Each structure stands twice: as structure tokens, then as C-alpha cells.
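Undergrad: Each chain is listed here by its residues.
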Amino acid sequence: MTTAVAAREERAGSPARPVRLVVGAVGMVLTAWLACNIFLAFAYYPQWFGNSSVVIGLLGLVVGIGGSVLFFRFLNMCVEGLPSRFSEGVIPYAFLLPGFSLIALLLLYPTLQTVVYSFANADSTEWAGLSNYTAVLGSGEFWSALLNNLLWIIVVPIATVALGLGVAVLADKLSPTGEKITKSLIFLPMAISFVGAATIWGLVYAYNAPGTEQTGLLNAIVVALGGDPQPWYQLDTARLNSLLLMVILIWLQTGFAMVLLSSAIKAVPEDTIEAGRMDGASEARIFWQIIFPQVRATLLAVFITVLILVLKVFDVIYVTTNGLYSTDVIANLFFRKLFTDQQAGQASAVVVVLLILVLPILVYQVRSFRAQEAGR
Amino acid sequence: MSATTRTPAPTASTRGTMADGRRRSPLAMIVMPLLALLWTVPTLGLLVTSFRTREAAATSGWWSALTQGGWTLDNYAQVLGSASMGTSLVNSIVVAVPATVLPIMFAAFAAYAFTFMEFRGKDLLFIVIVALMVVPIQVAFQPMLDLLGPRGLGINGQFVAVWLLHTGFGMPLAVYTLRNYMATLPGSVVESAKIDGASHFQTFWRLVAPMSSPAIAAFATLQFLWVWNDLLIAKLFIGGGANKTIIVDLQQMLGTQGQGTELLTAGAFISMVVPMIVFFSLQRFLVRGMTSGAVKG
Chain A
26 MTTAVAAREE RAGSPARPVR LVVGAVGMVL TAWLACNIFL AFAYYPQWFG
76 NSSVVIGLLG LVVGIGGSVL FFRFLNMCVE GLPSRFSEGV IPYAFLLPGF
126 SLIALLLLYP TLQTVVYSFA NADSTEWAGL SNYTAVLGSG EFWSALLNNL
176 LWIIVVPIAT VALGLGVAVL ADKLSPTGEK ITKSLIFLPM AISFVGAATI
226 WGLVYAYNAP GTEQTGLLNA IVVALGGDPQ PWYQLDTARL NSLLLMVILI
276 WLQTGFAMVL LSSAIKAVPE DTIEAGRMDG ASEARIFWQI IFPQVRATLL
326 AVFITVLILV LKVFDVIYVT TNGLYSTDVI ANLFFRKLFT DQQAGQASAV
376 VVVLLILVLP ILVYQVRSFR AQEAGR
Chain B
411 MSATTRTPAP TASTRGTMAD GRRRSPLAMI VMPLLALLWT VPTLGLLVTS
461 FRTREAAATS GWWSALTQGG WTLDNYAQVL GSASMGTSLV NSIVVAVPAT
511 VLPIMFAAFA AYAFTFMEFR GKDLLFIVIV ALMVVPIQVA FQPMLDLLGP
561 RGLGINGQFV AVWLLHTGFG MPLAVYTLRN YMATLPGSVV ESAKIDGASH
611 FQTFWRLVAP MSSPAIAAFA TLQFLWVWND LLIAKLFIGG GANKTIIVDL
661 QQMLGTQGQG TELLTAGAFI SMVVPMIVFF SLQRFLVRGM TSGAVKG
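Residue numbers (our numbering), protein chains in the order written: chain A, 26 to 401; chain B, 411 to 707.
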């Protein structure tokens, strides 16, 4: 008889445990409520914390970590309080809930809202039909920015990947110490902010009137070679100034490409290369016919990552030319529309254009992810 | 790339080999130091200029500092002594540390669910994550300014606002990186914990989270660099007031001409020191984070 009961319980799993369920649910709500209120208090009443950013930062860490641990504890308790046939089904969603709430609040909802705003007026109080789009698409500055974006998209990812690949291949042929030092030096700019990089390159592109001593490296070289100093940021013939700004981004990103490609090259099986050598193939042939096909997937992934970065490029232009001298790009145009011009509707329309531009990449990424999962 | 096609024909002599038996490549030995130099010179220029007086920096190039002089420590003394730069350096730390740590907790639980649980809609939800990594964050600004600004919660300009934003924006990459790493952990470990009667929470807390620490460190490094170096979110949601970060401070200095330009270079260098320390001490994790984040895991 007892075995029969046990067997029945086994089949049904554990029954509901109302106390756990209630304690868990109440604990969850209380923790979330308390944590949210403490965080709001940081913003509303900084005087409670002595107006000290350090105190607020430390408390933020403690409340954030402690609160989320406690929240998940109660969440787990609450779900386990359910009859086990429910709890098994509910637990995955419970684990996803906090993360996806943040994603919904900060990424999904705003995306939809931005599309809606793009059909509303300058302060988002009335519908404006398609007028934002006609205003944006009808302006010369938009097309100029779009052209620049296309140039950035074409030049920067290709240059970065090519340089990164070249550096990775050459570094692989150095002694271990030499490889480590040269790679570290080329990788270093990864840690530098766009604003820092703009400051650094400001010293390279600096311009002084002809006849005076040049403090910019590039102009000093030009003058030493017998040329005239040039105000580099203002030279929009053939978009030369845009190209010079691209150099900054390439300088920042080559290390990233190099590191990924270098690890891909090192993962190429030695025996495939050895086999090529046995057949008497030249180093160049070995590279193009044996190594290159095996790193192509990484090459593509790096290319796409840099491409996504370039589509959103903003900081470099904002702090150097702020879009003057025909160097504007979409992201900077958006920033200017939103803040300087106070045109929320048009700014939203510009972002929608940006969103449409990334759409093909998005589809490509999802597709390649599915292909990769299918192969797992 | 084209350089590699000109690799000279190998010589069989033993003088041309390295300690580990590989052939020396004269091309690599010439080109690589040159490239490394080229990549370092701009930063070196900033470092040298930051130790020069304004007059010296304005009248001669930094490369002539050795012959022309004009060295000073004043720029650093002034920058570190001024309330503004010191405060904004602290502010940057206050922004970056919680914004790095907070997403990890939420993302790790989600990544655990994606890796070790079966549920309806799993594929679709993960594809949402993959897709969101591509979506430009600019789409969020106008609605979030409404929500956090005076028209909504009124927390714009406070640290809480940027913590929230960076936590949300970092979430897709965090989930993706952690999930890719967790997928390489042996599933048998989780299975046996389950058989021993451990709940999912215990399995996560005692087993999976500690085993994932390399991936957590990897994401943390990437996120820290991104938050520290960020201009856009800091400028929009904290602004140039008392809570401004060092990057915003630097951007404001870049806009000024004349008086105070000598402080710009010192300020820029100070803003680079913290991420460089993080970068060099966690480089190993950074590389791993990039390989699992950008390339298949």
C-alpha cells in the first residue's frame, strides 16, 4: 500500500508546497521593490548618501548584486513551491525573466517607439505623417552623410581585415618574444577610447600656418619633403578628410582583427601545411590555398563585426569635425537632429534609416547562427 | 596581405632557423617592427606632449622635445589638482564598475536556461538575442530620454540612469558570450547534479557559475572597456554636470581653444591609464571573450 502511494507520488512528482510558493512570491516582490526604491533614492536624494559618488557606487554594487541574488533565490523558491510537473516547465522562463525584462525595456520597446516617433512631430506630441521622412530624404546633408557612411563601410572593414590578416601572418613567423611584443603594441589601441584616439591623432593631423614650425607629424613630414602644410580636416576633395578619419578607426581596430585571425591561423593543422611543403608548394601558394580557406570563416566574422561598428560610427566624427567639411555620417546627423536642432521626429526618421541599413546584416547574422547551430 | 606573397624562398642553412626550428622570415623581421612602431608613434606623441609646456607644444613638434626641451610636470599637477578632472575620474569608476558587474548576474541565469534547459520558444528567444547584438543602440535614445528624463522618472543625469542603460545594452552580448561558453561545459556534470537532487538554482550557483568564470571575466573585460570609453550614453544620460565621466570631460576639453589646451594631452593620458591597466592584466580573458563573442564559440 505504501509503495503504491509512493509510486503515485513519483508519477505526479512532488505536490504543491503553498508556504514556499507564497514566501517565494512575497520575497521576490519585496526584493524587487526595495532594490528599485534604493536605486531611485540614489537619484532623487543623493544628500542621504552624503552626495558622495563613491558611496553611491559602492551601495549600488552591494544592492545590485545582493538584490539580484536574493531575487533569484526567492524566484527559485516560488517556482519550486509549484507542483513539480508545473515547476519544470516554468523554471526556464523564470531564469530568463529578469534578463529579458531588461532587454524588452531597453531595446525592444524603444525600437518600436522610435519607429512610431518617426511619424510624429518635433516634440512627439502630434502625428506628422511622412513629413519627417520627406524632410530628411529631401535634404542634401542626409545624402552626403549616407555617401560618407557607404565610404566608411567599404574602406574600413576591408582595410582592417586585410591589415589584421597581414600582421597575423607575419607575427606568426617571428620568434615567440618578438611576436608577443609586436602583437601587444598593435593590440594596445583597443583599450583607447574614440575620444582619446581623436586627441592622439589630433597631434598627427595638426596644422600650423605655412612658414611657422609644424607641430603636426603629418604636416612636418609633408614640409620636410618640400610640400605645403595642409589643414587636413578641411580637405574634402575626394573626401580625403573622411579617409584620414577612417585611418583613426583602422588604427583602433586592426589589433582586434589581428588577435582573432592570429588564433585562427594557429588553429590550422600543421600537417596540412607540411603536406603542402612536401609537394613543393611556395609559401605564397601554401598561404592562399591551404591557410586562407581554413581561416575564411573567422575572416568573415571579423569583417561583419567591424562592419557593424562602422555603421554606428559617431564619436570619432563628433569630436574632430562634428560633421563639417562634408565628413558627416548618419549617427552624427542623428545626434545633431536630436539635440542641436531639437527635431525628435526627424532624428527618429534618421535612426529608422540606420535600422534599415543594418537589416541585411541582421538577417545574415541570424542565418549564419542557425547554420552554425545546425552543425553543432 | 600582399606582403605575404613576397615571402622569399626558404634557405636550407641552419643559420636561417629559430630556436624552435622554424625558418626565419626576414620579411616579417623587417615589416613587423616597422608596423609596431607605426602603431605606437601616435600614442608616444601624446605621452611626450603631455609632459611639455603649452608654449613648447605650440611652437615645436613633440619629436623635437629632446633637442628643444620645454619639459614640465605642471600639466599633470594641474589636471590632477583641479577638482573637475579628479571628480570625473572617480565618476568614471563609479559608472563603469557597477555597469560591468550588474549585467553578469542576469545574463548568467539566462545563459544557463539557454544551455541546460529545454523549453518552448528557446530557439526563437535566442535568435532575438543574436539579432539584438546588431541593432544600433541609437534606436533607444529618444524613448529612453523620455522615460528617464523629466517627462518620466526624472533620473537623467544620475549614475542610476547609465547603470540601467549599460546593463540593458550589454545584455545580448553577455547572454551570447556566456551561453557559447557554457555550451562547451560537459553536460554530464549538470546531469549528475540533477540526479543527486540539486535544484537548478544550486546547480547554477555551485557548479555552472564557478566553471564559467573565464567567460565571465572575458565579458567583464569587454564591458568595462566599452563602458569606460563610451561617450554617447555618458553625454546624453549623465551630461556635462557634476557627475560627468572623464571621457565627457575630455570631449569638452577638445572643444576649447587656447587657454588650457596643454591640459588636454595630460587629461587624455590619465583617461587612458585605467583601461590600459585593465587591458594588460586581463588581456588573456579579453582575447577569449572576443573569440567567443565574435566568432563561433
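To be clear, the hints were calculated from the coordinates, so they are not data collected in a lab.
A quick note: this is a predicted structure, and the numbers were derived from the prediction, not measured.
Among the hints, a few may not be true.
[As the list claims (entries may be wrong)] With the Cβ distance kept under 8 Å, some of the chain A side facing chain B (calculated, not the full set):
(1) N62
(2) L65
(3) I81
(4) G85
(5) G89
(6) S93
(7) E105
(8) S109
(9) Y118
(10) F120
(11) G124
(12) L130
(13) T240
(14) L243
(15) L336
Note that CB positions come from ideal geometry on N, CA and C, so glycine has one too.
Undergrad: Now tell me if each hint is right for this structure.
TA: Cross-check of the supplied hints:
no.	hint	verdict
1	N62	violated (11 Å)
2	L65	holds (7 Å)
3	I81	holds (6 Å)
4	G85	holds (5 Å)
5	G89	holds (5 Å)
6	S93	holds (4 Å)
7	E105	holds (6 Å)
8	S109	violated (11 Å)
9	Y118	holds (7 Å)
10	F120	holds (4 Å)
11	G124	holds (4 Å)
12	L130	holds (6 Å)
13	T240	holds (5 Å)
14	L243	violated (10 Å)
15	L336	holds (7 Å)
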